[in-house]
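S.K.: Here is what each chain is made of, one letter per residue.
2 protein chains.
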Amino acid sequence: MMQGYHFHKVNPRVVFDMFFRRQPFGGGYAVLAGIEPLIDALETLRFEPRDLDYLRSTGLFRDDFLDELVHLRFGGDVYALPEGSVVFANEPLLRVHADLIEAQLIESLLLNIVNFQTLIATKAARIYLATGEGTLLEFGLRRAHGPDGALSASRAAYIGGAAATSNTLAGQRLGIPVSGTMAHSWIMAFADELEAFRRYAEVFPDSCILLIDTYDTLGSGIRNAIVVGRELKDGGHKGFGVRLDSGDLVPLSREVRRCLNSAGLSDARIAVSNDLDEGSIGSLRAAGAPIDLWGVGTNLVTAGGDPALSGVYKLVARSQGSGYQPVMKRSDDPAKTSDPGIKQLYRIYDGQGRPRADYIALEEESPPKGGGLEAFDPVDEKPRMLKTLVPPSPMLRQVMSSGKRYGQREPLPETRDRTLTSLRALPEEVRRLDDPVRYPVLVSATLRQTRELLLRSVPGGDGHGRPSA
Amino acid sequence: MMQGYHFHKVNPRVVFDMFFRRQPFGGGYAVLAGIEPLIDALETLRFEPRDLDYLRSTGLFRDDFLDELVHLRFGGDVYALPEGSVVFANEPLLRVHADLIEAQLIESLLLNIVNFQTLIATKAARIYLATGEGTLLEFGLRRAHGPDGALSASRAAYIGGAAATSNTLAGQRLGIPVSGTMAHSWIMAFADELEAFRRYAEVFPDSCILLIDTYDTLGSGIRNAIVVGRELKDGGHKGFGVRLDSGDLVPLSREVRRCLNSAGLSDARIAVSNDLDEGSIGSLRAAGAPIDLWGVGTNLVTAGGDPALSGVYKLVARSQGSGYQPVMKRSDDPAKTSDPGIKQLYRIYDGQGRPRADYIALEEESPPKGGGLEAFDPVDEKPRMLKTLVPPSPMLRQVMSSGKRYGQREPLPETRDRTLTSLRALPEEVRRLDDPVRYPVLVSATLRQTRELLLRSVPGGDGHGRPSA
Numbered sequence: 274m275m276q277g278y279h280f281h282k283v284n285p286r287v288v289f290d291m292f293f294r295r296q297p298f299g300g301g302y303a304v305l306a307g308i309e310p311l312i313d314a315l316e317t318l319r320f321e322p323r324d325l326d327y328l329r330s331t332g333l334f335r336d337d338f339l340d341e342l343v344h345l346r347f348g349g350d351v352y353a354l355p356e357g358s359v360v361f362a363n364e365p366l367l368r369v370h371a372d373l374i375e376a377q378l379i380e381s382l383l384l385n386i387v388n389f390q391t392l393i394a395t396k397a398a399r400i401y402l403a404t405g406e407g408t409l410l411e412f413g414l415r416r417a418h419g420p421d422g423a424l425s426a427s428r429a430a431y432i433g434g435a436a437a438t439s440n441t442l443a444g445q446r447l448g449i450p451v452s453g454t455m456a457h458s459w460i461m462a463f464a465d466e467l468e469a470f471r472r473y474a475e476v477f478p479d480s481c482i483l484l485i486d487t488y489d490t491l492g493s494g495i496r497n498a499i500v501v502g503r504e505l506k507d508g509g510h511k512g513f514g515v516r517l518d519s520g521d522l523v524p525l526s527r528e529v530r531r532c533l534n535s536a537g538l539s540d541a542r543i544a545v546s547n548d549l550d551e552g553s554i555g556s557l558r559a560a561g562a563p564i565d566l567w568g569v570g571t572n573l574v575t576a577g578g579d580p581a582l583s584g585v586y587k588l589v590a591r592s593q594g595s596g597y598q599p600v601m602k603r604s605d606d607p608a609k610t611s612d613p614g615i616k617q618l619y620r621i622y623d624g625q626g627r628p629r630a631d632y633i634a635l636e637e638e639s640p641p642k643g644g645g646l647e648a649f650d651p652v653d654e655k656p657r658m659l660k661t662l663v664p665p666s667p668m669l670r671q672v673m674s675s676g677k678r679y680g681q682r683e684p685l686p687e688t689r690d691r692t693l694t695s696l697r698a699l700p701e702e703v704r705r706l707d708d709p710v711r712y713p714v715l716v717s718a719t720l721r722q723t724r725e726l727l728l729r730s731v732p733g734g735d736g737h738g739r740p741s742a
Numbered sequence: 274m275m276q277g278y279h280f281h282k283v284n285p286r287v288v289f290d291m292f293f294r295r296q297p298f299g300g301g302y303a304v305l306a307g308i309e310p311l312i313d314a315l316e317t318l319r320f321e322p323r324d325l326d327y328l329r330s331t332g333l334f335r336d337d338f339l340d341e342l343v344h345l346r347f348g349g350d351v352y353a354l355p356e357g358s359v360v361f362a363n364e365p366l367l368r369v370h371a372d373l374i375e376a377q378l379i380e381s382l383l384l385n386i387v388n389f390q391t392l393i394a395t396k397a398a399r400i401y402l403a404t405g406e407g408t409l410l411e412f413g414l415r416r417a418h419g420p421d422g423a424l425s426a427s428r429a430a431y432i433g434g435a436a437a438t439s440n441t442l443a444g445q446r447l448g449i450p451v452s453g454t455m456a457h458s459w460i461m462a463f464a465d466e467l468e469a470f471r472r473y474a475e476v477f478p479d480s481c482i483l484l485i486d487t488y489d490t491l492g493s494g495i496r497n498a499i500v501v502g503r504e505l506k507d508g509g510h511k512g513f514g515v516r517l518d519s520g521d522l523v524p525l526s527r528e529v530r531r532c533l534n535s536a537g538l539s540d541a542r543i544a545v546s547n548d549l550d551e552g553s554i555g556s557l558r559a560a561g562a563p564i565d566l567w568g569v570g571t572n573l574v575t576a577g578g579d580p581a582l583s584g585v586y587k588l589v590a591r592s593q594g595s596g597y598q599p600v601m602k603r604s605d606d607p608a609k610t611s612d613p614g615i616k617q618l619y620r621i622y623d624g625q626g627r628p629r630a631d632y633i634a635l636e637e638e639s640p641p642k643g644g645g646l647e648a649f650d651p652v653d654e655k656p657r658m659l660k661t662l663v664p665p666s667p668m669l670r671q672v673m674s675s676g677k678r679y680g681q682r683e684p685l686p687e688t689r690d691r692t693l694t695s696l697r698a699l700p701e702e703v704r705r706l707d708d709p710v711r712y713p714v715l716v717s718a719t720l721r722q723t724r725e726l727l728l729r730s731v732p733g734g735d736g737h738g739r740p741s742a
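Top to bottom, those sequences are chains A and B.
Each number in the working numbering corresponds to the 1-based position in the first sequence with 273 added.
Each number in the working numbering corresponds to the 1-based position in the second sequence with 273 added.
Quick caveat, the hints were computed from the structure, so don't treat them as lab data.
Quick caveat: nothing in here was measured; it's all calculated off a predicted structure.
Check the hints yourself; a few may be wrong.
Unchecked claim - Here are the simulated lysine to aspartate or glutamate pairs, EDC-like style, with alpha carbons at most 16 Å apart:
1) A/Lys282 to B/Glu475
2) B/Lys282 to A/Glu475
3) B/Lys506 to B/Asp540
4) B/Lys677 to B/Asp337
5) A/Lys282 to B/Glu468
6) B/Lys282 to A/Glu468
7) B/Lys677 to B/Glu316
8) B/Lys282 to B/Glu316
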C-alpha cells in the first residue's frame, strides 16, 4: 500500500484512531497499556540497508520507492490516553496525525504492541481484583508467546496489578520487582525432602517459600516444612511460607494453615499456583481458602479465555484545504462502522470522584463546561443528560510531536499506582466479573450529526462506491 | 535454585525430558516446532557484564555465584524429535543431558520457545487441513502477542502449512514467502472505489486482490472489481482476485463467484478473511463456499481456543557412579506423575507407511526388532502386541553435543514439506477435528516395570519424603 501511495503521489495528511469494539473477557472495562513502548518504537523506526536489500530481493518493490524508504522516519503527532487508563469499547485510545504513507506504515506495529499489552494489563487487573488486591506474582515465562511475549506480558501484568515477576530479564529491562521460587526438581535433587528444604533455607533464610507437594502434601510435605520453618523462626528469620501447586486447594490450604498455626507459625504465608485465573481465585476466596500469595502464569500471560484484543486502526479524517474532512468506513455490518472525525474524550465523574460516563466530542467543538451536558448513547440512540460539577479535562493528550516524544516518561511504578487507583474508583457493577453493567460511552450531538450525515452520503447515491465529496 | 545448587556444590549430571500432557485444541495430534530456534538460543546463551550488574543490584545473589556466571555456557547434549514432527501427549519430545545447574537454567527458555511454536504449528496444521490443503495466508501481526510473538508465530505457522505471511520481517529473517493485501483505508484514500481499485491494479497488475466490502460488497464492490479485472485480463495480466472481509461468506462468495464467472473472469480467485479458524473454515467448505485463498490472523497466531501448550520439563535421571539412576516425581495427582529414566521413542508404521502407534522404551534396552513387540498402554494398563515389518528407527536424535549444534540445519521449506507429508500420513480418525481417536502411545515392559518400582518406593515407607535410595 505504501508503494501504491508513493507511485500515485497520494500522501495527504490524515488522522487515524485506534479503538476496540468489544470488551475483552466479557468484562466491563479494559486497562490501556503499551503506549510508552510504542513511542520508543516509533521514535527509532527506520529501514536499515539490510532491510532494503531484503525488500529489493523480493522483486515486489520499485527502486524509486525503496530509495524513499532510506530516509523515511515517523514524523507524525500522536495523542493518547495515559498508560494504564481504564478504558472502554468504541472510544478513541490513540490518535495519529501523519502523512498517509507514515500513518499506514505504523498500523501493524501500533496494533501489535497496544493490543497485546492492553489485553494483558486488563487480564492482570481482573486477576488482581479477584485476589482482593492481594499479592499477585506473575510466573508466566514458560507458557508465554515467545521471549518478547513474556517480556511485554510482565510489563503489562505489573501495570495491571502484579506485584512481581519471575522473569529476571523483565526485572533488568523494565525495573519490575522479581520474585523466585523453587521447583519440584530442587526437591528431587537432594536425598530427601527435609534435606532439600533445609538446604534451600540456608541460601534464602529470609524469603523461604517451600514447595510441599512433591511427595505428599499433608504427610511429609507440611511436616518437613514446619521443621524448617521453626528452625528459621528460632534463628530470627522472617518471610517463611509454603507453596501448594496441585490438588484441591480449599481443603489443602485450610489444613496447612491449621498445621502451621498449631506449630506456632501463624505468620507463615501460604502461596498457591496451579493454573489459576480470576474465576478460580474468586471461587477459592469465596470458599474461605486462607491464601496469602497468588502465583499466576499461563492464564495471565496468554490472556486465557480471550487471547486477542480486537483493537483496530481506522482512518477518521483527511486533510482538505487548511483543515480536515471527516471520513468513515461504512460496513454491511453496522458494528464495524467507525466514528468519523478528529475526536476528544472526556470522563465525567460524580461528586465522589467515581467515573459515571465517558463523552466523545469532535475536537473542534468547544470543550464541555461544568453543569448539564446533552449526549447520545450510540447503542440505544437515546439522548442523555450528563451532570458534571467541574469542566472535565480532555483525556487524549499529545505524546509525540513531529515524531519525537512529547512530555516526560513516567516511571512504571507511578503508572501502576495510578492504574490501581483508577480501578478502585470504578463502580462495582462495572468492575465485577460476571455480567457487568455496560459503562456509558456517549457521543456529542455534533459528532452524532456528523456520523448521520456521512452514513447517508456513503457509499453515495450512484451505488458505485463513491464516498461523500 | 542455581545459586542454591552452587552454594551446596550440588551439580550432578542429570537428564530432563520435555513433554506435554494434554493434546492442544482437543485434537488428536500436535506438530513439534521451535527446535532450531532453541538450538540457536542455547549456543549463544551467556551472562553479559550488564546482566551481572543487574543481578548484583537485586541484592539476592552472592559474589562467588555471580563470578561463576561470567563463565557459564550451556555445555550439554540435546536430543530431539525432528522439527515439524507429528507428536502426541506424554512422549518425550526433547531430552537434555547436562550438569544440573545448566539444565535448570535453560528450563524456562526451552519451554517458552518450544511450547509456543509447537502450539502455533499445531494450530496451523489444523487450519491447513481444514482448508483441504488450500492456500493459507498468515495475517496475524496486529493481534500477535508482541513483535516476537508475531515473528515466532509466522515461522511456526509456515511449518504447519501456511503458504505465506504478511509479516515482511519474518520474510527477511526466516525466508518465509510474504504476501500482502490492501486495507479498507486504501479504498478510502481515493475519491471513489473504482479509482482506488484501478490505482492498485496499476501498481500490482499481476497480484491484484481487491477488497470489495468497503461500501457495498454485492453492489459497487463486485461491479467495480469486475471492471478492473477485465481491464487486467485484456492487458494479459494474471493473478486477479477479490477479497471478502465481512458478512455471511457462504452466500456472498457464491454470488461473487457467479458474477465473476458471468463476466468471463472464471480464473479470478476469491480470498476471505474474517476471524476465521479451523471450525469456520470447515463449515464454509461443507456449505460449498467457492473460496480459493484463506487469510487467517488472530486465531492462528494467538492459538484461538487454547492459548498455551502444557509442555513441561522434568528431571528423569541423575548420574550415579558411571551410570544414571532413573528419577520420577510422584504427585498426589496421577496425571502429573512423569515417566522415569532415559528414554527413546520409536514410531511403528503399517504396511502403507501410516503410523499406528508410538513406542517408548528405555535407551538402555536393545532397540526393537521387526516382528511382534509387547507394549503397554499407560492409560488402560493393558498389554498390546505391536507388529512391525521393519525395525523402527529411534526418533530422538542428537541435535547438540557439548553445547554445540550437532548436525546440519535444515532449510525451513524442507521442514515444512516433511511436516505436511507426515500430516497426510496420519490416520483420518486421529486427524479429524471433532472427537478424534486417541493415537496409541505405548511403553515397553521394562519402562513400565521401572515406573512401578519407583511408584512403590517414592516417597518411601518412612513418610518423610525420602525417595528411593
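S.K.: Measure nothing beyond the straight line between the CA atoms of B/Lys506 and B/Asp540; if it is 16 Å or shorter, mark the hint as holding.
M.R.: With Cα atoms ~10 Å apart, B/Lys506 and B/Asp540 stay inside 16 Å; holds.
S.K.: Under the criterion that the straight-line Cα-Cα distance not exceed 16 Å, is the pair A/Lys282, B/Glu468 satisfied?
M.R.: Roughly 14 Å between the alpha carbons, so the hint for A/Lys282 and B/Glu468 holds.
S.K.: Regarding the pair A/Lys282 and B/Glu475, is the alpha-carbon distance no greater than 16 Å?
M.R.: holds (13 Å)
S.K.: Under the criterion that the straight-line Cα-Cα distance not exceed 16 Å, is the pair B/Lys677, B/Glu316 satisfied?
M.R.: holds (6 Å)
S.K.: B/Lys282 and A/Glu468: Cα distance at most 16 Å?
M.R.: holds (14 Å)
S.K.: Taking only the CA atoms, is the gap from B/Lys677 to B/Asp337 under or equal to 16 Å?
M.R.: violated (27 Å)
S.K.: Within 16 Å, alpha carbon to alpha carbon, are B/Lys282 and A/Glu475?
M.R.: Given that 16 Å is the threshold and the Cα spacing comes to 13 Å, the pair holds.
S.K.: Verify the proposed pairing of B/Lys282 with B/Glu316, using a straight-line Cα cut of 16 Å.
M.R.: Outside the cut-off at roughly 25 Å; violated.
Comparing the model with each earlier hint shows violations of hints 4, 8; every other hint is respected.
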